[in-house]
Structures are given as C-alpha cells and as structure tokens.
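Asker: What follows is the residue order along each chain.
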Amino acid sequence: MNRRAAIVAATLLLLVVVLCPVLFIAQMSVRTGLEAFRMPPALVFTPTLQHYVDLVEGKFIRSLMNSTVTATSTTLLALLLGVPAAYAFSRSRFRAQGVVSLWTLVTRMAPPIAFGIPFFLIYKELGLIDTRTGLVVIYLTFNLSLVIWMMRAFFDGVPRSLEEAAYIDGAGVVTAFVRIALPLSAPGLATTAIFTFLLSWNDFFYSLLLTRSEALTAPVAIVNFMNYESWEWGKVAAAATMIMLPVVALSIAVRKYIVHGLTAGAVKG
Amino acid sequence: MERITRRRFLKSTALVGTLSATGVRPARTLAQAGKPYAGTRLKMSQVAHAYGVGLVERLPAFEQQTGIKVEIDQMSFPVLNQREDLELASGSGAYDVMQLIFIRSGRWIGAGWAEPLNPFIDDAKLTDKAALDVGDFVAGAMAPFKRGDTIYALPWLSDSTVVGYRTDLFEKAGYAKFPETFEALQEAAAKMHSRQTAAFVTEDNLHWIFPNWLLSYGGNFFANPPGDLTPTFDTPEALKAAEMFTTMLSKYSPPGGIKLDPSVAQAIMHQGKGACYLDGMGNTQHIIDTKKTTLADRMAFTHTPRGPKGHFPQLAVHGYFINKASKNKNAAWEFIKWATGKDQMLWSALNKGHLACTRSSVLANADVRQKFTWRGSDLASLHLAVMKRAGEGYMVYRTVPQFPPVGDRVIIAMTAIASGQTNLADGMKSLQKDAEGILEKAGVKINRRS
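Residue numbers (my numbering), protein chains in the order written: chain S, -9 to 259; chain E, 55 to 504.
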C-alpha cells in the first residue's frame, strides 16, 4: 500500500511539474497587468476576462480561424493522399520502392529555413503569399512524409492474410483497403492525424514567412503582442490558452486511439 | 421626350463598350473632385506600437478626406525586421508604406529600396510645404534618413536612452540626485545592490545599451564611420567601457539580468526589485504606469551618466518611407504626410502617451510638457535634449549597412563576458576578430588589426 501511495504521489508531483507552465499561463491570462508579476504572487485575486475580450474584439480570432482551417485542411488532405500511399508502400513490391519511400522524406532532410526563400519566391509568382491555400500546400509537403511513414508501419502490423481472405471472397484492392486494413489501423490513423494536426497548428516559421495579415496564423499573431515598448503579457497568456484549448479537446477526444496507436506492437513477439 | 433611335442606341453602346475595353472611364468615376486618389488601396507595415494604434483610430477621418483605403499591419519588432527585409529584397511591392528601421536604413537606402521623398516634398501640387514643415522634425531624428540633401523617410519615433530610477532608494543610500558619471553609478550600485533589490536594470538588446558606455569612454564600433569601418573593439577605451558595463550586468543586475526583454525589465521596476532602469524613453516611461505598479510616486527620470569623454546618450529613430516597388506612390506620400503630421503627432502624444515623438513643436507644446512632467522630471525636455545631442553626428555608426551583424556580435560578446564564459580581454579580442571578418565578407576594406 505504501509503495502504491508513493507511486501516486510521485505521479502527481510529475503531473504538477509537467503542467506547471500551462497552469502558469492559464492563471496569468485572468490576472490584471498589476497582478501578473506581483511578487510574491497573490493566490487570491479577482479574475478578469478582459484579455480574452480584447482578443475577441481584435484580429486574433481571425488568426485562430486561419490556424483551424489550415491545420484541419492539411490533416484531411495529408490523410487522404498519404494513407493510400502508405498502404501501397506496405503491400506492393516494386523495384525502386526503397528509393521512392526514402525520397518522400526529402522535405524533412533539411531545416525549414533551407526551403524558405525558394518557397517565398515561387509563392510570390503564383500569388500564393498570404493565402490559406498556400499554407495548406506548404504544410502538406512536410506532413505527407510523416503520414506515409507512420501509417506504413501500422499497415505492416496488419496481417496480410486478412486481406487475402477478402480477395478469395471476391473483394478488390480498394475494398480490402477500405473495409479491412483501414479499420484495423484506426488507432494509427488517429495518432497520425493528431501529429499532423499539431505540426501544422504549431507551425511558426512558414506562417511567418509566407503570410502578411489575411492568412496569419495564431502562433505568429501571439508574437505580435510583443509591442515595441512593452509586451502585452495578459494577451499573450490569453492567446496561448486559447491556442491550447482545441488541441487539448482533440487529444482528449481521441486519447484512447492515441494510446493504442503508440503502443501498437509493443507486446507482439 | 426625345426618342431613342436604333442608330443612336448602337452608337452609345459602341462608345461605352470601347471605353470599358480600354479602361478609360469618365474622370468623375475615377476620383471625386479634390480626391485624386479615391479608391486607392494602400498597405502599410509597422511595429506594434501605440503610435500605430493611434493611426488606426484616426484612419477613418483620413480615408474619408482622401478616399484612400489603408490597411495597417502592425507586428512585433522581430517579425517586422524579417518581413520587411524579405519583402524589400524580393521587390514584392506588397507594402506601399513601410517602417524604415534605424539600423537597417543604411542597407535599405543603399540598395535603392526606398523612394526619395524630395520630388514629393518639392511638388507644390502634392505638398503644402508650410503645413508639412520638414524643419520641425528634430535634426537628430532626421539625420539617419538623409543622404546629403535627399530625404528617404519621415521620422515618427525616436527613442532616446534615459534613466528611470527610485528616488527613495538612492536617497536612502545617500544620493540626493542620480549619479552623473558611470564611475559614480557603479559606486552607488555597490552600496545599494542586494538580493531583494538590484541596483541596475536594463534590457537585453545590449548593442543598444553598451554604446552609452563605449562612446562615453572614447571608444566606438568603427574607426571613423561611415568612411573607415575598421572595427575598434580592441582599443583601451573599448576595453575599459566593456569592463565598466559588464560589471554592472554581472554584479549589480537582477538574476538573469543579462537577458531581460524590456517588458520584464519594466516588470522588475514595477515590483520594486530594481533601483534604476536604463533604456530608451519609449520603454523607460512605462515604469510609472499606475496600472502596473504602486511605486510610481517614488520614480523619477534623468539623463544617462557621462564618461571621461563626455555624454553620449543613444538615439534610435524609425520613419515611414515609400517602397520603391509600390504602385501607389502618390497616395502613399499623401498617407505619410498625414501620419507624420503635426496634428497626428500631437494627438498621439496627448492621447496615446507617445512621448518618443520627433517634432520639436510637439515636444515644446505646453500640454505635452505638462502631461509628461513627473515629480519634477520633464521627460519631453529630456528627450528633446538627447535628440539634439545625437544630432551632432555620433550616431552614424549605427546606420552603416554592416551594423546589424556587428551589433549582434556585440551582444554575444557582452553576454559572454558578463556571464563569465570568457574574460574581458579574450572576449573583446574575439569580438574584434569576428567583426573584422563580418566587414571583410561584406566587401568592406578595413585595416585589419587582429
């Protein structure tokens, strides 16, 4: 019993340590400017929602919407294109398979800054600067490889014999993929989806480089609360809290699948 | 009633069709009388700042008066630096009016990215010279944006280094007034510094703070800017200045005092954890923000201390310029005239707390003087005095095209020395060598010393 209590205590302690920055930001978002940095901090204070009101009345909601649209679109498109590709890599055998699958990683072989300027110049010519479409395309370039490589591993874990049985019953490749392989890889799909969403949602570099005001996403919009004269800490904290909420909600919604996905194959001999 | 014949109908239709196809439309639909730029859409970039907020607030009046629609993108300073540099380098023309950043003025003007303003100023059809009153801009604020007689931008922000300090703490330590020299400040700091209250607070943009010491001790970044850009960080004067400055950072600053962004530095003063704060006026003035501190009635402001070679407060200026790639230059000029006009600047000073302004008439205004006098400190006079002093020309080192990378290297050196990662001699020697390398790579002829 004592051992169990110690484990619970250690877990709670670890939880507090891990959540400390999140809790700090959340409480700061409801403090006034005077209270935000008071030392020692007042544990009892009158909370204010003024920072949230300022964000709603300003342009931040538009940036949050841009983040939502681009991250969601990227995730859906990456899954739509990447999952069948991953299935093909998993099930097919062709001559240049190794080379082709390696080349899908090419956009991740160098830091984003290396591709930044070429992308900017191309986008300028194509009129894609400061558009959500432009961001979705750029996010796809590095998310597709993630989807392909992650999903391929999940498909590899699904026994081929199940699909072969379906073929005997008259199913085609598409039917076997959609009705057998895909449902069995659902945890992997959820895990991949959330990682893809997070990568797009938290992107700072490309949004900084390829947007101006119309397609500006939330991570860059937060930085713009750092005024020349002083930083608007209350707004920064409120915006950070707002950015975290959808991700937390999404993670909670699919947490069962994420755990399944992350531990898939862990107990297989 | 006149009957519309088939022939007349066909003629009218043909005429309208031809005019539409060639883009020629009756003058009145293009621009209403007195509004030659009606319908023009301008895009402008600037740092997130109270002055920009003021522009946005009063923009409807400008738009109604001119028919020009303006979209103002306000962004943080690091974002602005990156974005403007990229937009200008790519010749995108996405922004018509842009902020000319002081330390980038050499590069941007040199590259021909800024449209000269003289043709606009001298054209009586475009400018009422008396109303614009270019002479009203303080010379020190105009200097970085002029090359000879050619003006490339009109300044709206000039940040002058001053000191905000706690009178009660200095009085308690036996100082009736703030120390006037850096030596005296260091002596006072030794007496006052404690774990609870740091004697000295400043921001982490050390290439902006260090020159207050460097120039006052007879040193400089370069041998004779802009003609001779040989770095001079290895001189006895530079070494002494660096020793004095890094001692203030290492011994008398709060924990982590080398890396305080202005907001945190202000917060330290707000909480009563700092005795004095040396920074630009735009930052320093916020230590008396009564929404953030209960100690405002113990604060006062004064000039930065002097060194053996004199008093060299620093001045950073930002202006508005017309992007050379803009397709709406006349409308852009119309906007710049309004945005830097006396009326807008005075309104901003009185309603947005924009003390770091650039027009002498605004700083001399009685209401402004009254608003910005705090416990006997006349901030407007302080600011004006620094601008006039900087107008004598010693700030030119900051506007050479190669300053930004050298400045970044100075920050690294000061941080390394103050944090004990390297000793003073090695740190400055390394800085000298690297600065020489930066200039040589940029194709600048120097007299290598390392």
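Among the hints, erroneous ones may be present.
Claimed, not checked - Chain E regions said to be covered by chain S (calculated; three or more residues, Cβ under 8 Å):
id, stretch
1, 102 to 115
2, 279 to 285
3, 288 to 301
4, 320 to 327
5, 425 to 437
Claimed, not checked - The calculated label-pair distances, taken between Cβ atoms and stated as ranges, are:
id, chain 1, residue 1, chain 2, residue 2, range
6, S, GLN40, E, GLY445, 24 to 30 Å
7, E, SER415, S, ILE242, 19 to 25 Å
8, E, LYS378, S, ALA100, 30 to 36 Å
9, E, PRO132, S, GLU154, 54 to 60 Å
10, E, ASP182, S, ALA32, 53 to 59 Å
11, E, GLY164, S, ALA32, 48 to 54 Å
12, E, PRO132, S, ALA(-1), 38 to 44 Å
13, E, ASN278, S, GLU115, 30 to 36 Å
14, S, ILE107, E, ARG429, 32 to 38 Å
15, E, ALA165, S, PRO108, 20 to 26 Å
16, S, PHE195, E, TRP401, 45 to 51 Å
17, E, ALA479, S, VAL43, 52 to 58 Å
Bear in mind the hints are in silico, worked out from the structure with no lab data behind them. Built from N, CA and C at the ideal position, the CB exists for glycine as well.
Asker: So, for every hint listed, does it hold in this structure?
Answerer: For each hint, the structure was consulted:
Evaluation of the coverage hint for the stretch 102 to 115 of chain E: fulfilled, as 3 residues show C-beta separations to chain S shorter than 8 Å, against a requirement of three. With a threshold of 8 Å between beta carbons, the proposed coverage of the stretch 279 to 285 of chain E by chain S is violated, since 0 of its residues qualify and at least three are required. For the stretch 288 to 301 of chain E, the stated coverage by chain S is violated: 0 residues have a C-beta nearer than 8 Å to a C-beta of that chain, whereas at least 3 were required. Three residues within the 8 Å Cβ limit are the bar, and the stretch 320 to 327 of chain E against chain S gives 5, so the coverage statement holds.
With 0 residues having a beta carbon nearer than 8 Å to a beta carbon of chain S, the stretch 425 to 437 of chain E misses the requirement of three or more and the stated coverage is violated. Between GLN40(S) and GLY445(E), the C-beta spacing of about 42 Å breaks the proposed range 24 to 30 Å. Between SER415(E) and ILE242(S) the Cβ separation comes to about 60 Å, which falls outside the hinted range of 19 to 25 Å. The hinted window of 30 to 36 Å between LYS378(E) and ALA100(S) holds, with their beta carbons roughly 33 Å apart.
The hint said 54 to 60 Å for the Cβ distance between PRO132(E) and GLU154(S), and at roughly 57 Å that hint holds. Checking the proposed 53 to 59 Å range against ASP182(E) and ALA32(S) shows it holds: the Cβ atoms sit about 55 Å from each other. Evaluation of the 48 to 54 Å hint for GLY164(E) and ALA32(S) yields a pass: the beta carbon distance comes to about 53 Å. Between PRO132(E) and ALA(-1)(S) the CB atoms are about 43 Å apart, so this pair conforms to the stated range of 38 to 44 Å.
Checked against the given bound of 30 to 36 Å, the beta carbons of ASN278(E) and GLU115(S), roughly 44 Å apart, lie outside it. One distance hint, 32 to 38 Å for the beta-carbon pair ILE107(S) and ARG429(E), is violated here, with the actual separation near 52 Å. Between ALA165(E) and PRO108(S) the CB atoms are about 21 Å apart, so this pair conforms to the stated range of 20 to 26 Å. At about 38 Å, the beta-carbon gap between PHE195(S) and TRP401(E) misses the expected band of 45 to 51 Å.
Checked against the given bound of 52 to 58 Å, the beta carbons of ALA479(E) and VAL43(S), roughly 55 Å apart, stay inside it.
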